[in-house]
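Engineer: So you can see what is in the structure, the chains are spelled out below.
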Amino acid sequence: MIVDTAVYENGSRRPGKLELEDAYEACRDGKRFAWIELQDPTEEEFDSVVHEFNLHELAVEDAIQAHQRPKLDVYDEGLLVVLKAARYIESEERVAFGEILVFVGDGFVITVRHGEAPLDHVRLRLEQRPELLRLGPAAALYAIVDHVVDDYGPVIVAFEQDIADVEADVFSDERATPAKRIYAVKREVLKLYAAIAPLVEPVERLEESDLKLVPDELRPYFRDVEDHLIRYVREIEGFRELLTSILAANLTQVSVRQNEDVRKISAWAAIIAVPTLITGIYGMNFDHMPELGWTFGYPLVLAVMAVACLLLHRAFKRAGWL
Amino acid sequence: MIVDTAVYENGSRRPGKLELEDAYEACRDGKRFAWIELQDPTEEEFDSVVHEFNLHELAVEDAIQAHQRPKLDVYDEGLLVVLKAARYIESEERVAFGEILVFVGDGFVITVRHGEAPLDHVRLRLEQRPELLRLGPAAALYAIVDHVVDDYGPVIVAFEQDIADVEADVFSDERATPAKRIYAVKREVLKLYAAIAPLVEPVERLEESDLKLVPDELRPYFRDVEDHLIRYVREIEGFRELLTSILAANLTQVSVRQNEDVRKISAWAAIIAVPTLITGIYGMNFDHMPELGWTFGYPLVLAVMAVACLLLHRAFKRAGWL
Amino acid sequence: MIVDTAVYENGSRRPGKLELEDAYEACRDGKRFAWIELQDPTEEEFDSVVHEFNLHELAVEDAIQAHQRPKLDVYDEGLLVVLKAARYIESEERVAFGEILVFVGDGFVITVRHGEAPLDHVRLRLEQRPELLRLGPAAALYAIVDHVVDDYGPVIVAFEQDIADVEADVFSDERATPAKRIYAVKREVLKLYAAIAPLVEPVERLEESDLKLVPDELRPYFRDVEDHLIRYVREIEGFRELLTSILAANLTQVSVRQNEDVRKISAWAAIIAVPTLITGIYGMNFDHMPELGWTFGYPLVLAVMAVACLLLHRAFKRAGWL
Amino acid sequence: MIVDTAVYENGSRRPGKLELEDAYEACRDGKRFAWIELQDPTEEEFDSVVHEFNLHELAVEDAIQAHQRPKLDVYDEGLLVVLKAARYIESEERVAFGEILVFVGDGFVITVRHGEAPLDHVRLRLEQRPELLRLGPAAALYAIVDHVVDDYGPVIVAFEQDIADVEADVFSDERATPAKRIYAVKREVLKLYAAIAPLVEPVERLEESDLKLVPDELRPYFRDVEDHLIRYVREIEGFRELLTSILAANLTQVSVRQNEDVRKISAWAAIIAVPTLITGIYGMNFDHMPELGWTFGYPLVLAVMAVACLLLHRAFKRAGWL
Amino acid sequence: MIVDTAVYENGSRRPGKLELEDAYEACRDGKRFAWIELQDPTEEEFDSVVHEFNLHELAVEDAIQAHQRPKLDVYDEGLLVVLKAARYIESEERVAFGEILVFVGDGFVITVRHGEAPLDHVRLRLEQRPELLRLGPAAALYAIVDHVVDDYGPVIVAFEQDIADVEADVFSDERATPAKRIYAVKREVLKLYAAIAPLVEPVERLEESDLKLVPDELRPYFRDVEDHLIRYVREIEGFRELLTSILAANLTQVSVRQNEDVRKISAWAAIIAVPTLITGIYGMNFDHMPELGWTFGYPLVLAVMAVACLLLHRAFKRAGWL
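Here the protein sequences come in this chain order: S, H, C, B and R.
The opening position of the first sequence corresponds to residue 1 in the numbering used here, with each subsequent residue numbered one higher.
The opening position of the second sequence corresponds to residue 1 in the numbering used here, with each subsequent residue numbered one higher.
The opening position of the third sequence corresponds to residue 1 in the numbering used here, with each subsequent residue numbered one higher.
The opening position of the fourth sequence corresponds to residue 1 in the numbering used here, with each subsequent residue numbered one higher.
The opening position of the fifth sequence corresponds to residue 1 in the numbering used here, with each subsequent residue numbered one higher.
Source of the hints: derived by calculation from the structure; they are not laboratory data.
Remember, predicted model here, so these are calculated numbers, not experimental data.
Even for Gly, the Cβ is constructed at its ideal location relative to N, Cα and C.
Any given hint might turn out to be false.
Here are some of the chain S residues that sit facing chain H, going by a computed Cβ distance under 10 Å [what the hints assert, rightly or not]:
#1 Gly-30
#2 Ala-59
#3 Glu-61
#4 Gly-297
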């Protein structure tokens with residue numbers, strides 16, 4: 001689906017909706033640039049774009065099939081940047097990924113979105129900053145990359161919360177067994193890492209190298225994005241190490257609790273074994289057992305058993321076994 | 001066995017089957033190129049090829065003995081690329097590897113296959129794309145590398161499924177003990193990694209460096225292959241880390257279950273210990289035990305024992321021990 | 001809040017408090033430099049500074065929002081260095097971080113602090129060293145970086161103590177279960193690492209590269225800071241490995257103790273099982289059990305039980321089970 | 001001990017045994033080269049060689065004392081290559097290492113062997129390949145390095161077998177406890193790694209750099225050796241990761257088995273506890289217990305106990321506890 | 001404390017003790033060099049040296065405060081090398097570290113020692129090698145670095161022994177619990193690593209770079225030192241991995257032993273439970289229990305109990321539980 005077709009001239013949008021060819025024509029002389037937005041395009045829709053803007057065969061293949069890694073490809077005809085948008089789904093404790101492809105050429109920028117990757121705000125916000133828009137199609141690229149990277153922030157925060165939750169579970173006195181959740185969080189963290197980390201190098205290249213499509217004025221902006229990105233990547237790396245430690249700590253806690261259980265159980269077994277032994281003694285059939293003839297022998301023995309139990313109970317309590 | 005001998009001219013195959021010498025002669029002037037395919041060649045078969053095409057002594061040794069690592073060797077006479085083809089064998093949950101050697105020279109490409117590594121489709125599909133074939137023998141190299149790398153995809157998917165299976169095993173309530181399977185999957189993943197990861201660097205060199213046998217037009221194609229390859233390598237790295245975590249999580253689950261068992265067992269032991277103590281009490285031989293003389297003493301005591309058991313059972317149930 | 005505005009000329013501070021514009025004016029000719037200090041500035045406060053000193057839009061954004069990684073950005077207008085100040089809070093066993101931004105331009109240095117990051121001493125101490133002050137605004141940068149890095153020292157020492165404490169806990173005979181604390185220390189260590197490690201590269205660039213704002217005389221000073229910084233980073237890396245080992249050792253200790261408990265419990269169970277068996281024997285109702293008729297049968301059996309218990313107790317003691 | 005002294009001219013060995021000085025003299029003009037072989041030389045033996053061939057003081061020190069790491073030293077007088085030969089000793093499941101030092105100079109090659117490092121075949125096989133011998137002393141170096149690296153192959157295969165064995169042990173139903181063997185294999189693997197891995201860089205330098213003593217024709221040969229070497233190094237790295245996983249899997253298996261034991265034991269305890277309780281009931285001394293007066297009360301109770309045991313046994317069997 | 005002041009000319013020491021100024025004067029023309037040795041100098045002692053030899057302010061700070069990392073600083077005035085001397089203290093199973101600072105300038109070398117770092121032998125041995133001494137102050141630097149690195153050897157050997165000891169402990173049948181010692185060794189190994197590893201890079205720079213103070217003739221000597229150093233560093237890295245494996249193997253052994261204990265205990269419990277059940281049976285009060293009336297009923301039952309115990313004992317023995 002072609003979502004929008006716009007032409008920008010001197011920092012502001014030309015009024016009116018345009019056909020693809022008109023957009024192409026309008027941008028031929030390099031004074032304007034066209035921004036074509038597509039969402040999950042069919043092969044035919046995309047073919048028409050390819051035809052007008054003369055994109056490379058391989059770039060086209062990328063655009064139809066999702067499941068790319070973040071990357072920056074430099075063709076003679078322009079740049080292709082692939083991005084992964086991420087959104088945390090609270091209810092399922094997992095991250096949903098979308099994919100955004102940005103083709104930047106001389107006089108045009110084409111964006112293709114797959115899955116969850118809204119870009120409307122990006123365009124509107126960029127239209128408020130004519131001084132950026134004036135820098136040409138790479139400004140649109142910057143706006144998109146900046147937006148996608150900014151959106152990683154809430155996901156990171158959500159993971160921070162998840163990790164705090166499992167930490168609380170691991171060290172709480174309740175006998176939760178959070179191994180499954182720890183593992184699930186780790187799995188999602190690894191997925192997020194796989195989606196974000198490969199973007200560092202492309203952004204670095206946008207900042208550092210002398211791509212003719214990226215004007216010098218934009219470089220500090222891409223560096224700013226890179227700063228954020230690296231911060232997120234480092235945080236995720238920290239999560240990985242933390243989760244490994246949590247898994248180990250959890251195993252220890254499970255063992256510690258088992259130990260406590262074994263001791264508690266054993267204490268009760270000991271408490272009950274002593275009166276049982278006493279009953280055994282007075283259940284013996286010796287002819288000469290003076291206590292058996294005592295009038296208060298029975299209640300006395302019951303009392304002895306009760307006292308023995310109480311003393312043992314107190315002793316185990318003190319030793320921390322109960 | 002020499003599977004096929006073909007000569008390509010201007011993007012299409014010359015009709016008719018050829019002898020080796022004819023192929024060699026036909027390609028001498030650089031306007032055509034020969035494609036010789038061999039499958040598990042004997043030393044003599046390969047010697048005849050070597051003789052015609054003047055390959056390096058060491059390259060020959062590689063071609064006869066399988067068990068190479070993926071690599072790219074540059075000789076004066078041309079390139080030697082070694083590839084590992086992989087296929088997932090569902091029934092055995094393991095990966096079968098084949099080996100493909102591609103010698104690319106001025107005017108010829110020679111492929112040698114060991115084990116499972118079918119290339120027929122590659123040739124047929126490439127013959128449909130004359131614009132690629134026109135780029136010379138390196139196009140055949142590209143077609144083969146692309147094919148081999150694409151075939152890693154289903155293997156990766158199969159491992160994803162295996163990992164999902166062991167995850168389900170680890171966290172299911174059934175007392176499966178998937179340690180053996182986790183380990184087996186890890187072992188296969190490591191093998192796959194060893195077969196795939198070393199290919200990244202050769203493909204990178206095919207893309208980046210100025211090998212005179214690789215025309216500039218092919219470079220984006222090799223970069224495309226590299227993109228896929230790196231994605232697969234990163235996924236396998238993710239699998240390795242996941243499997244390490246699964247192994248740890250599994251150990252924790254085993255401990256948690258042991259803990260549950262110990263508690264359940266102890267609860268039952270406690271439930272049975274209480275009536276046992278009571279029987280002990282009324283088994284004592286004191287002369288003065290009024291309860292013993294009661295008419296309903298016996299059923300009363302049985303009832304007390306039953307009630308005690310029920311109360312204990314309920315208490316343990318509430319505490320989550322049963 | 002603007003904390004202070006000063007102009008330095010020829011190594012010493014110009015007397016009197018200055019307005020922002022005056023400071024800016026005074027430093028225009030490059031013979032003096034202004035040092036503006038701000039603490040948690042509002043957007044307006046900072047805007048006035050930006051306006052006078054012509055800072056980059058992105059640098060401004062950084063200054064208002066805290067939560068940057070340590071970094072060095074080079075703009076046309078000057079340098080931006082972001083630092084993390086760290087302070088160990090004994091009572092909570094955690095590290096508190098502040099953030100310091102230093103803008104260095106031709107003729108001025110602007111510092112912005114967020115959170116805990118006192119700089120008063122820095123300025124006063126630098127004012128005692130006119131030979132450094134004479135080197136211009138980069139001397140102020142050096143003084144600040146040196147101060148921040150020096151302050152990491154006590155934090156490192158505090159962690160050394162924490163680690164020594166948990167080591168003692170792990171291997172003490174008391175049944176402490178320090179898993180939670182080990183994990184907490186590890187968490188703080190990872191945070192500290194994330195705050196310190198990224199600073200190495202900026203300091204290296206200050207030392208090595210040919211930034212025109214950093215005079216050659218200052219390079220050995222930045223190298224000295226780098227030396228300290230690397231030492232701290234290496235120590236933290238050592239902490240991480242140590243803590244991983246401690247976590248593993250702790251798990252082993254927990255298992256060892258469980259083992260000891262199980263043996264101790266079992267020993268007591270065995271000690272009590274033997275007299276119980278004996279009571280069972282003499283509780284049997286056989287008509288012909290000569291011992292039952294003996295006058296001293298009962299005390300004899302009690303004695304036998306006592307001796308059996310004592311012997312078992314001694315045997316278990318020797319075997320190390322009790 | 002000086003094992004052999006030979007002079008090679010134009011690809012073949014000069015007949016007759018030579019004295020050291022004669023060898024030295026013969027090779028002065030660069031048309032021939034001498035190959036001196038020493039085995040565990042004494043200081044005096046080696047001194048005579050040093051004296052004739054003018055070796056560097058430090059190289060000499062290396063030659064007498066074994067325990068070097070694999071390395072390549074370039075002196076003005078020539079090259080020194082240190083190699084570790086490895087042989088797997090089946091009976092002890094360990095690797096024996098020898099050390100080979102190769103001094104290559106203009107017109108001579110001197111080999112010094114310590115421990116197990118036979119080189120006879122190397123020389124004989126090289127003498128069959130005059131086209132290599134003609135390339136001068138570096139050909140001898142190639143032959144030795146190739147031989148040493150090829151000999152790593154059987155060691156790798158032996159470790160593969162060892163690892164397959166411990167895998168079988170870990171997952172077998174027999175209660176082997178292979179932790180000791182796993183550890184022993186890991187230890188040997190680490191030793192082998194330490195002996196092999198540092199050789200990669202020297203071989204790479206022999207292949208790539210422009211050492212004047214290594215003719216261009218030999219470079220593909222050294223690259224071939226490097227290929228093998230890297231394959232072995234990667235396999236050893238795979239072994240390390242596998243062994244770490246095996247150790248973890250083994251711990252899990254130990255826990256799983258403990259769990260099974262605990263359940264089996266508990267099941268038997270439960271089976272015996274029920275008849276014990278019943279005997280307790282009928283051991284009570286109530287006056288009114290009608291069952292006690294039944295003629296078949298006793299056999300009935302015995303039958304009830306037997307049935308209870310059987311039912312419990314079957315229930316536990318079904319639950320997988322027995 | 002100034003330990004010694006010497007002037008070397010043409011490879012030998014000038015006779016007589018000198019004052020600092022005389023030494024300085026004597027070496028001004030570059031034909032001689034002075035060697036000043038200090039041990040834990042006070043600030044004043046060092047100030048006098050600084051004053052004469054014109055050292056950099058920051059180098060001075062380093063010299064007074066110990067606790068540097070090994071490093072090489074290049075100042076305009078010369079070099080500063082910081083070294084860590086290590087000595088294994090058998091009785092405490094730990095490593096004691098000293099610190100040595102070497103200032104090398106044009107015509108002088110100044111050494112400052114803190115803690116355990118004897119250098120007497122170094123000077124005496126160097127004075128026996130005039131051909132080295134003639135190379136100037138860098139020869140003294142070489143002699144010191146060589147000495148310090150050689151001294152790491154015995155420490156490595158001591159750790160090898162420690163590791164062999166803990167291995168024996170872990171796999172011995174005695175129930176040692178060497179977790180504490182394993183951890184202690186690991187801790188010391190990490191400390192040693194932190195002291196040695198950072199020295200590699202400075203030594204490499206001494207060997208490779210074109211520092212004007214280091215004559216070309218000395219480079220092979222520094223490379224020799226580097227070889228030793230790298231070997232030690234690699235060995236320590238091996239220790240780290242081994243110790244991690246030992247810790248894991250130890251945990252497994254602890255679990256295995258617990259398993260054995262649980263089985264042994266359970267076997268004994270089963271052995272005692274059977275006669276207990278039998279006593280229960282004959283303790284029942286049924287009127288019709290024919291065995292009770294048998295003359296040899298009692299000894300028969302005792303015999304049955306004994307036989308049951310023996311059979312069970314043998315069965316458990318065979319099953320490996322006892």
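Engineer: Quick one: which hint numbers does this structure break? Sort them smallest to largest.
Structural biologist: Result: hint 1 breaks, nothing else.
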